[in-house]
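Heads up: the protein sequence lines correspond to chains A and B, in order. Number 22 in our numbering belongs to position 22 of the first sequence; there are no gaps in the numbering. Counting the second sequence from 1 gives a position; our numbering is that position plus 1000.
What the hints contain is simulated information worked out from the structure, not anything from laboratory work. Heads up, a few of these hints could be off.
As the list claims (entries may be wrong) - Straight-line Cα separation of at most 20 angstroms, SDA-like style, residue types lysine to any residue; simulated pairs: (1) K247(A) x M1096(B); (2) K1066(B) x H226(A); (3) K88(A) x L1148(B); (4) K256(A) x L1148(B); (5) K115(A) x E1136(B); (6) K1066(B) x T246(A); (7) K240(A) x H97(A); (8) K88(A) x E1057(B); (9) K1066(B) x L245(A); (10) K182(A) x R217(A); (11) K112(A) x E1057(B); (12) K115(A) x T1149(B).
Claimed, not checked - One side of the interface only, derived from the structure: several residues of chain A facing chain B at Cβ under 8 angstroms: (13) K88; (14) D102; (15) K112; (16) S118; (17) G124; (18) E220; (19) R248; (20) R259.
In this text, a Cβ means the ideal position worked out from N, Cα and C, and glycines have one as well.
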Amino acid sequence: MKLSNLFVVGLVFVSSLASANPQQKGLEIAIEADKRETGFGDTTANMTMLLKNRHGGESSRYIRLRTLEVDGDGDKSMSIFDRPRDVKGTAFLSYTHKTGSDDQWLYLPALKRVKRISSRNKSGSFMGSEFAYEDISSQEVEKYTYKYVKDESCGDIECFVIERDPVDELSGYTRQVVWIDKNEYRPQKIDFYDRKNSLLKTLSYKGYQQYLGKYWRADEMYMKNHQTGKTTLLSWTNYKFATGLTKRDFDRNSLKRAR
Amino acid sequence: MLSRFFFVCVLFSSPLVVSAADGEWSGYIATEWRVFLDLPTAPEQHGDNVSLSAQAEYYREWNAGKQSFRFTPFLRIDGRDSQRSHIDIRELNWTMVHDTWEFTAGIAKVFWGVTESQHLVDIINQTDLIESADGEEKLGQSMLKLSLTRDWGDIDLFVLPGFRERTFPSRVGRLRTQTAVAVNNAEYASSQGRDHIDAAIRWSHSLGDWDVGLSHFSGTSRDPRFRAAVDKGRTVVIPIYETIDQTGVDLQATKDDWLWKLEVISRSGQGERYTAATGGFEYSLYGINESAVDLGLIVEYLFDDRDELALTPFEDDLFLGARLAFNDEASSELLAGMIVDLENGSRVMSVEASRRIGDDWKVNLEARFFSNIASQDSLLNFENDDFVQMELAWYF
């Protein structure tokens, strides 16, 4: 309720005062985007990662993802690896938090061992891909500070362009520039700037589809690393919402059984 | 007893015959080349060796994943040591899952603990020592296991029929005790022998940065004591499996880049009650030198209050290790470590490295060196068994 009040106020500001301060306007856009994401409950999906290097060498990973929305905190998620075959059955459990460090466990099927791991490696590569852990973890408003930059058309739709700076000093980025479409508040493109403030990567979203008449998910997310020439294409299939997952599906016992 | 137990298992798993869900097979086939750097201690022990192994897993679930069946046979065919050629059913079990409990019947593998250099608390499965001298490989254990999930933690209850004896190299094998183990003559302290039914209970919980486990095992010791004997005119050592009670604690604090780890056990039933512990930390450095490479530094102290009488060579030892994760497409990894005896200076060093080749192949390198071994240290058995090994595995 408080949030929506803030919104009404925010929108009034935005519409009436063209000169609203850019931090305020950037934050309002982020809050609105987050609000439109709220209430999805739980989802499952299949993800394929296609890694390409500069010389055209390719490798792929198949991962299944389960996500549970947690009221008042970050999401819980479980990733189960199907391929490459040598890591089949490996599973990763993560409790993200709006502030403070996340809780993470890794299950190693050959040893039947659950390992609690450090979540400090935010800027590290996820499975050798161009996605860092912080790129794929749950995006919370609190994780950045914001600044509205301008309006710009992105493809055939109109976008807000905002800059967001990670709050966490462990982030691999100084800033990110995000194109968010004005109609549905979906990210369309993100430019990532490294710690030296040079353009590092660009992420493009393609093939948005709407689920439950409300939530938008992209079929494809394409990450290009400008400094190494490597790319990673994430393809999403089999998105399901409201599958009835509970917190019991995100505990250490379920991690050991994950298939 | 065992056969009745299996009948129950088969009965339980019969629903899978009529289930509609599809099962799936996965696994690997691997070739291992092992080169020994020194001549063996005993003339009958073999030299360089080639060995084949394979493991398959069949998995099937039904009732929306609430019930599942798993079968994991393992096979090794060794070029030199007929005792190392063996078959084991690592898993053959049926699991039923409910909101607040989970039940498994059949052969399964269970791991407890947090430390890297040795696993004191881990006791459910017998060590398949002939597979790997580091004790990381385990034999399947038949069990009834009930897990209860509560807000105050998880409780696991085990009934463990069908004791498994430890595997050992034969007279011609390497990495064996100087006097070979007579595996067919094992003795038991319990009058029920290997039919003694063991039991265990464990509570584990995550509290913020802390992961805690508390366990108790009552039954036949997985690690035997030995006595010298004469078998068919030859001196041998005979494993004696005693009935023990072991209470264990395992603890991990995950504090930013530091993982603090501790395992402590107290055991009675093998001579006087004794205490053993492993404790230390793993400190991680991420993206060293602006690269994608992560470096983990591991330090652990290994303690056993039986001192020189301990069955383990690690009674007052320090483990120093470094783990490199390259985070590349091939998932390249390297773990180098050394355990030093703080009293007599004996050292065992190991290097393990692996990387994927293409999508379905993986190469594993392993080397182990024993140096400066003191005459009273039980590692003296392996003094001439330094080896370098390459394994090439194909996954399906």
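Verification of the supplied hints:
no., hint, result
1, K247(A) x M1096(B), "18 angstroms, holds"
2, K1066(B) x H226(A), "46 angstroms, violated"
3, K88(A) x L1148(B), "27 angstroms, violated"
4, K256(A) x L1148(B), "14 angstroms, holds"
5, K115(A) x E1136(B), "15 angstroms, holds"
6, K1066(B) x T246(A), "14 angstroms, holds"
7, K240(A) x H97(A), "24 angstroms, violated"
8, K88(A) x E1057(B), "11 angstroms, holds"
9, K1066(B) x L245(A), "13 angstroms, holds"
10, K182(A) x R217(A), "16 angstroms, holds"
11, K112(A) x E1057(B), "14 angstroms, holds"
12, K115(A) x T1149(B), "19 angstroms, holds"
13, K88, "6 angstroms, holds"
14, D102, "11 angstroms, violated"
15, K112, "4 angstroms, holds"
16, S118, "6 angstroms, holds"
17, G124, "6 angstroms, holds"
18, E220, "20 angstroms, violated"
19, R248, "6 angstroms, holds"
20, R259, "7 angstroms, holds"
The structure does not agree with the numbered hints 2, 3, 7, 14, 18 stated previously, though it agrees with the rest.
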